[in-house]
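Just so you know, the sequences run in chain order A and B.
Sequential numbering of the first sequence, starting at 544, is according to the numbering used here.
Sequential numbering of the second sequence, starting at 3, is according to the numbering used here.
Incorrect hints may appear among the rest.
Computed footprint of chain B on chain A, listed as stretches where at least three residues anywhere in the stretch have a Cβ under 8 Å from a Cβ of chain B [unchecked claim]: (1) 559 to 572; (2) 697 to 703.
Think about it this way: if two alpha-carbon atoms lie no more than 20 Å apart in a straight line, the pair counts; the simulated PhoX-like pairs of lysine-lysine are [stated by the list, open to error]: (3) A:K588 x B:K140; (4) B:K7 x A:K553; (5) A:K638 x B:K10; (6) A:K802 x B:K140; (7) B:K7 x A:K638; (8) A:K802 x A:K604; (9) B:K177 x A:K642; (10) A:K590 x B:K140.
Here are the computed distance ranges between Cβ atoms for each label pair [unchecked claim]: (11) A:L645 x B:S143: 44 to 50 Å; (12) A:C569 x B:K76: 38 to 44 Å; (13) B:F88 x A:V614: 21 to 27 Å; (14) A:N830 x B:M148: 46 to 52 Å; (15) B:Q273 x A:V760: 22 to 28 Å; (16) A:L630 x B:F272: 26 to 32 Å; (17) B:S178 x A:V558: 21 to 27 Å; (18) B:I87 x A:T697: 50 to 56 Å; (19) B:K62 x A:L587: 54 to 60 Å; (20) A:W591 x B:Q273: 36 to 42 Å; (21) B:M173 x A:P750: 53 to 59 Å.
These are computed hints drawn from the structure, not numbers from a lab.
C-beta atoms are modelled at their ideal positions from N, C-alpha and C, and glycine is treated no differently.
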Amino acid sequence: MFKKFFYSQKIAPYVFILPFLLTFLCFWIVPISNGVLLSFQDVLKDKWVGAKNYQRLLTDKIFFKAIFHSVRYMIGTLVLLIPFPMLFASLLNSKLMKKPGLFKSIYFIPALTSVVVAGIIFRLMFGELDSSLANRVLTLLGESPIKWLHGELTSFFALLLLCCWRWTGVNILYFTAGLQSISTELFEAASIDGANAWQQFTRISFPLLKPTTIYVVTISIYAGLSMFTESYMLWAGKNSPNNVGLTIVGYLYRQGIEKRALGYACAVGLVLLIIIMFINIIQLILNGTFKKEER
Amino acid sequence: MNNNKNKKRRKQQLVKAGMVILFIGLAVLILIPIYAIFLASFKPGGMLVQYGLNLDIDFKQMSLNNYIVMFFGKHEYWRWFFNSIFLTVATVILTLLVSAFVGYGFAAYDFKGKNILFVCVLIILSIPLEVVMLPLYKQMSEWKIMNSYTAIALPFLAHASTIFFFRQYLMGLPKSLLEAGRIDGATEYGIFFRIIVPIMKPAFAAMAILNGMNSWNNYLWPLLVIRSSEKYTLTLGLNTLLNPYGNNYDLLIVGSFFSIVPIFILFVCFQRYFIEGMTAGAVKG
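Using the sequences plus the hints, can you model the full thing?
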């Protein structure tokens, strides 16, 4: 009886989906619900505190600093990691360039390194010593050496550079994949009609790359807002001076793990979740995903 | 007329030269950090503490000492290394199997609740782990599986982006293939294991590489879950070497450099699959 039930064509799909369903319930729904509950508690004292954690958040200057840093970082990555890789991909994809594959492979190499290794390298390159690489470059430009990871803007620069170093190659790959799905006949026709390279880029590549661009923008927004490991590594796991490298998730980690204020940290996490869901819904509406799936 | 053509060709050559310079310059910039740590792997740790990471070459100071320390010295590096290999291989095999199972369910059948469940996959795709990591961490300690590889891998075996990829891959599958299997008397699960799994090989390759890379480089979640040093993965272990006293810099640098090597070798051999895996989500939107 059971066997027949288990093997029937009606039940089989649910058996196939079961691992996902369990994962979704146990490792997403339950933790998120717990997070909501915890955010109304003082976990160390094990008592309910109402909306106190949220009230504290609203007046917490360090939290707002963290939000500012995360948003600034996200915008920085959007500005640098969308247009340039798109342009590079278009140039590499044009027939003018020899051996585009070789260049794409080289640009991809940083993505193979873990954030830990990348962080170690950049931490040492941006060290405060006069002879560290970043300060050598400054000296070459006629400036005097600085403490890169102490200043607000200089550490932002180091973080952005680290991000660009790791992701430029990957985004070039994304855009190349998008470009290769565009029929070459379009470019040929445009070329016969006398469109120059720039016109071809703005009139053909750019509009037809829209799905790719939306995808890259979306993952950049999520990754940018939830950035933590990069800054954790640049300051070797310690608090950055004046919190210059603190991000939302960094604050969540500091409160939840280091200070053991789990309730407060969960409130931080929920604020991040709400921001992300908000962006997510806007993106889904713009993208028409809901319609596509219901078809 | 001829003159005009020449002009055009000259212009094109100029553009070509400019592009070559641009892309070679970019390649050099991107390779500098790797080159710097490669050089540093031959320098004594003390030199790094004293001068920082730079591109100086001083043959008198440089030696293979760090490599000798790495291969023959007394430390935990190789334990971390093999922990990482074990965890990566186990995670990849299980993730692929579970996710393919689910992906096939989404692609091959029509059933009640399918759309809403698939929207759940899409939602998970967009929630960063960082948002749920603290409650999940608490849950792992309540389940008493803290400090274990189970806790690292279990929550992510039905991996949303991998499920999504497999589902897209199997969407184009002709239904007649399944019907043929049924007529031959195969069960629903038999069809999956005997007919579907073999034809999914390229998809498996792409996702194996992507998941393998993620697992090898995974840091934040293991950092929360793992407590004892004998269970450290490579990323966790390397990070413990980064301390201000610099007494471990010999091993830190050469170890960091060497941790890229296995992935790099895989990349050189299976480049196509790396690229396929990475770009899978982008084109379809």
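Now for the hints, and whether the structure bears them out:
As drawn, the region 559 to 572 of chain A meets chain B at 11 residues by the rule of a beta-carbon pair under 8 Å; at three or more, the given contact holds. Residues of the region 697 to 703 of chain A lying with their CB closer than 8 Å to a CB of chain B number 0, which falls below the three-residue condition for coverage. Distance hint between K588 (chain A) and K140 (chain B) is fulfilled; the C-alpha atoms sit about 16 Å from each other, no more than 20 Å. With a C-alpha separation of about 70 Å, the suggested pairing of K7 (chain B) with K553 (chain A) is violated against the 20 Å cut-off.
This hinted pair checks out: K638 (chain A) and K10 (chain B) have alpha carbons roughly 16 Å apart, not beyond 20 Å. For the suggested pair K802 (chain A) and K140 (chain B), the alpha carbons sit about 15 Å apart, so the restraint of at most 20 Å is met. For the given pair, K7 (chain B) sits about 19 Å from K638 (chain A) by alpha-carbon distance, which is consistent with the 20 Å threshold. At most 20 Å may separate the alpha-carbon atoms for a hinted pair to count; K802 (chain A) and K604 (chain A) meet this at roughly 17 Å.
A distance of roughly 41 Å separates the Cα atoms of K177 (chain B) and K642 (chain A); the hinted pair therefore is violated under the 20 Å criterion. Distance restraint check for K590 (chain A) and K140 (chain B): the Cα-Cα separation of roughly 16 Å lies within the 20 Å cut-off, and the hinted pair is therefore satisfied. With their beta carbons about 49 Å apart, L645 (chain A) and S143 (chain B) fall inside the hinted range of 44 to 50 Å. Take C569 (chain A) and K76 (chain B): their Cβ atoms lie about 42 Å apart, and the range 38 to 44 Å holds.
A hinted range of 21 to 27 Å is violated for the C-beta pair F88 (chain B) and V614 (chain A), which are about 39 Å apart. In this structure the hint that N830 (chain A) and M148 (chain B) lie 46 to 52 Å apart at CB is violated, the actual value being about 39 Å. Distance hint check: the CB atoms of Q273 (chain B) and V760 (chain A) are about 26 Å apart, consistent with the given range 22 to 28 Å. Look at L630 (chain A) against F272 (chain B): about 28 Å separates their beta carbons, and that is inside 26 to 32 Å.
As the Cβ distance of S178 (chain B) to V558 (chain A) is approximately 23 Å, the hint placing it in 21 to 27 Å holds. Checked against the given bound of 50 to 56 Å, the beta carbons of I87 (chain B) and T697 (chain A), roughly 38 Å apart, lie outside it. Between K62 (chain B) and L587 (chain A) the beta carbons are some 56 Å apart, a value that agrees with the proposed interval 54 to 60 Å. Look at W591 (chain A) against Q273 (chain B): about 55 Å separates their beta carbons, and that is not inside 36 to 42 Å.
In this structure the hint that M173 (chain B) and P750 (chain A) lie 53 to 59 Å apart at CB is violated, the actual value being about 26 Å.
Checked against the numbered hints given earlier, this structure breaks hints 2, 4, 9, 13, 14, 18, 20, 21; the rest are met.
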